[in-house]
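Hey, can you work out the whole structure from these sequences and the hints?
Protein chains: 2
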Amino acid sequence: MQSKLVGSMREAIRLAGLRSGMSVSFHHHLRNGDYTLNMVLEQIAEMGIRDLTLNASSIFDIHAPALEEHIRNHVVSRICTNYMSAGLGRRISEGLMEAPVEFRTHGGRPRDIALGVTPIDVAFVAAPTADCAGNCSGKYGPSACGSLGYAFPDAMYAKKVVVITDNLVDYPMQDWSIPEIYVDYVVQVPAIGNPGGIVSGTTKITRDPVGLVMAERAVQVIQNSGLLKDGFSFQTGAGGASLAAAKFLMDVMLKEKIQGSFASGGITGYLVDMLNAGCFRSLMDVQCFDLKAVESIRSNPAHQEISAMQYASPSAASAVVDRLDVVILGATEVDTDFNVNVHTDSNGSIMGGSGGHSDTAAGAKLSMIIAPLFRARLPIVTDRVSCISTPGRDVDVLVTQRGIAVNPKNAELRQRLKDAGLPVVDIHELKEIAERITGRPEKLPEGGRPVAKVIYRDGTQIDTIRCVASK
Amino acid sequence: MQSKLVGSMREAIRLAGLRSGMSVSFHHHLRNGDYTLNMVLEQIAEMGIRDLTLNASSIFDIHAPALEEHIRNHVVSRICTNYMSAGLGRRISEGLMEAPVEFRTHGGRPRDIALGVTPIDVAFVAAPTADCAGNCSGKYGPSACGSLGYAFPDAMYAKKVVVITDNLVDYPMQDWSIPEIYVDYVVQVPAIGNPGGIVSGTTKITRDPVGLVMAERAVQVIQNSGLLKDGFSFQTGAGGASLAAAKFLMDVMLKEKIQGSFASGGITGYLVDMLNAGCFRSLMDVQCFDLKAVESIRSNPAHQEISAMQYASPSAASAVVDRLDVVILGATEVDTDFNVNVHTDSNGSIMGGSGGHSDTAAGAKLSMIIAPLFRARLPIVTDRVSCISTPGRDVDVLVTQRGIAVNPKNAELRQRLKDAGLPVVDIHELKEIAERITGRPEKLPEGGRPVAKVIYRDGTQIDTIRCVASK
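Line order of the protein sequences matches chains A and B. Start counting the first sequence at 1; every next residue gets the next number (my numbering). Start counting the second sequence at 1; every next residue gets the next number (my numbering).
Check each hint, because a few of them may be wrong.
No copy is singled out in the list; a pair is fine if it fits within one copy or between any two copies.
[Stated by the list, open to error] Here are the simulated DSBU-like cross-link-like pairs (lysine-lysine), alpha carbons at most 35 Å apart as the crow flies:
#: 1; residue 1: 159; residue 2: 453
#: 2; residue 1: 418; residue 2: 159
#: 3; residue 1: 229; residue 2: 453
#: 4; residue 1: 292; residue 2: 409
#: 5; residue 1: 443; residue 2: 159
#: 6; residue 1: 418; residue 2: 453
#: 7; residue 1: 292; residue 2: 255
#: 8; residue 1: 255; residue 2: 443
#: 9; residue 1: 453; residue 2: 204
#: 10; residue 1: 365; residue 2: 159
#: 11; residue 1: 453; residue 2: 257
#: 12; residue 1: 365; residue 2: 204
Think of the hints as simulated: they come from the structure by calculation, not from any bench.
Take a look at the structure:
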């Protein structure tokens, strides 16, 4: 049998048959500590390969400078991603690329990979531990990142798969996540990333009093929703107020002795605490947000890794998001139709992406947005979001520091919250309060040509992001 | 979200859209204790569905009476399988079915399922534990059978998948093998099988002195092959002499302090003992042969479940069998070209099948057949096997009680064994010794029409089994 171990990245790229015009993919579990995307693209550029489609589950600031250069040099001509932080996002919004970026969701990406909408020629899997056959895991090794959930569709459907590791162990490794059956080549490198970088800046509980008020209100909404009982399932983002809500929810669940079924999504240490305290029977982990989560998924069998398909794909027979009772999500803007923007900032410039936002909003029985009425003197609640990331039909509640707005489609919930004495207000009222404080925002200037498409989890385009003037 | 739990088998079959002429599949981890194949076919027959292709990884005697009836009634018109015990095998050989049975190997079956050669409309997965979304495992529950390895390709590639369980647990179950993403329906039944029946009659060490002599010789061959060193990998069948060889091998490995890498395939308690004694770092388990193996795979993380693809599929990027150093296999006949028959008995009647025989023989560096020179006064070593299950080019050594024959293609091994003073003889000599004792066997009468095709792991037909006169 031919060995899959190759001596260099260059050799792996050559053997995988990568040529100009093809598609390469990356996953983002090493987040802002990832070295592999830059490493691979640099090699590809040196080899004279051009005009690639880059399909990356997310793109972080660590990738921005090099990626900008590769775009300018036409090594990368098209980008598909579920999230793009502001570093590259700003450049894209200023018109760096000719072809519009395709934004998908964490569930839509595996759907479109599986259905062949976005075929991948060569997938690069950053693997904190691997053996010579390509069995690999994120749980072990010096660059351990925990779950490899987003890498599963890439490994399963790409024509060729290259595993990149800095911790090569004897065959067969124990407790692999992705099995050798999908892996064509294995490359050993000195370091795939800096595990310190996998901790996002937003994975700490807020100390902001406004955030704490919103978190408390959010938990009151959950308590009065009728959903908080044994078997309860929950997801929350890694924003400061969302994490504070998780902490308050834990206190309630322990006090009321409620045993939930699972918490899902990107997992933080706060959810690990809830698992260990008995609030949930299991964590369903597609991505570890911090090192406490990495340690937990390695050592606690109740903390389970799930693939991106199992997390959220609409083409899977079922996905975890479809069994969620409650999800708490953030927003950069919410409009009076409950549409949510998490793609662009107040200038209309790209600084995020849906990730699992619209997947969980679609799946959960109660989708709650936590957002302050304004940030930096700009209102968050507006007439119309500048970009629809998640359609308002999938949002049930908006929690702000000045009141709770319930989507009119959910009259029963509205009544429950009112009966509980919670400050339920009309969302138009929230908009007016915000504008009274901040003043009516200037309308964004009409954008230029399209720089990105927002593709909903079912494959349809739900919005277009347009060019902004460069600053 | 629509529930996958359906109230009855009939309802599951109806919802899965099964119609006459389609293909259904089953896996065989419950072996001769399996209730599900009969249960499903009975329901299908009642529903008036006819002319099905039955794709079962193996068929045991427990299935024979009902299956014979369903064949006579034209509910089942075609059979694809990797193994068929004598109960049904004899009837097939007597001409029960019009269409020849298609025999594949444990690696060829997932290959042909993945490539669409043998598409499956509805797969039925007998799951000792499952949750309402279809996440399921063989490790837990009253009918625990351990690995579900052979069910993976069925679950992954069938158009519809029905999980049948007698142990439905809360969502999400812990430590699933097959994830919900593949499962369409879940049916709860009183019992999926009798776990006592999963123990094959051949999973005990032989007490037969001839068998013990062969086992000792086999281990001497391994010791002198140059392969028995740290990192050694090993597989053996569940026949009495093979298991005795495993036991003797364990003694040698412990005495010489050799730590192997893995043992693979169908796993018995003897291999579990070797794992626990430190002879191997890992077991790669596609099927548990006894309850000690079931207990081990449930509790020991070094005892790892592998899918049929990872075990042996030639269409996977790599498979475990390709990393085997030594495999010990049985035979009902071996000919002077080292071709091996494990499909038919001395009358030419079906009583077995390749299983992983030719997969491991192709993959292992040293493929060893253990067989006595004769059984019941019939010679085992012959001029020409009546059915080629594994081609002689993949067989290195034949070990009998009267000497060891080495395939001439492997001159180096032959010299090593001679140098070690082992009784190396020409295979023609073994044939003559056998015939001197038993007399020259009557040539089997020319068979009638084809009743089965033997399809090698690469998809090519390597032999045909013909009709025998019924007794």
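Tell me, which hint numbers fail for this structure? Those not satisfied are hints 2, 3, 4, 5, 6, 8 and 11.
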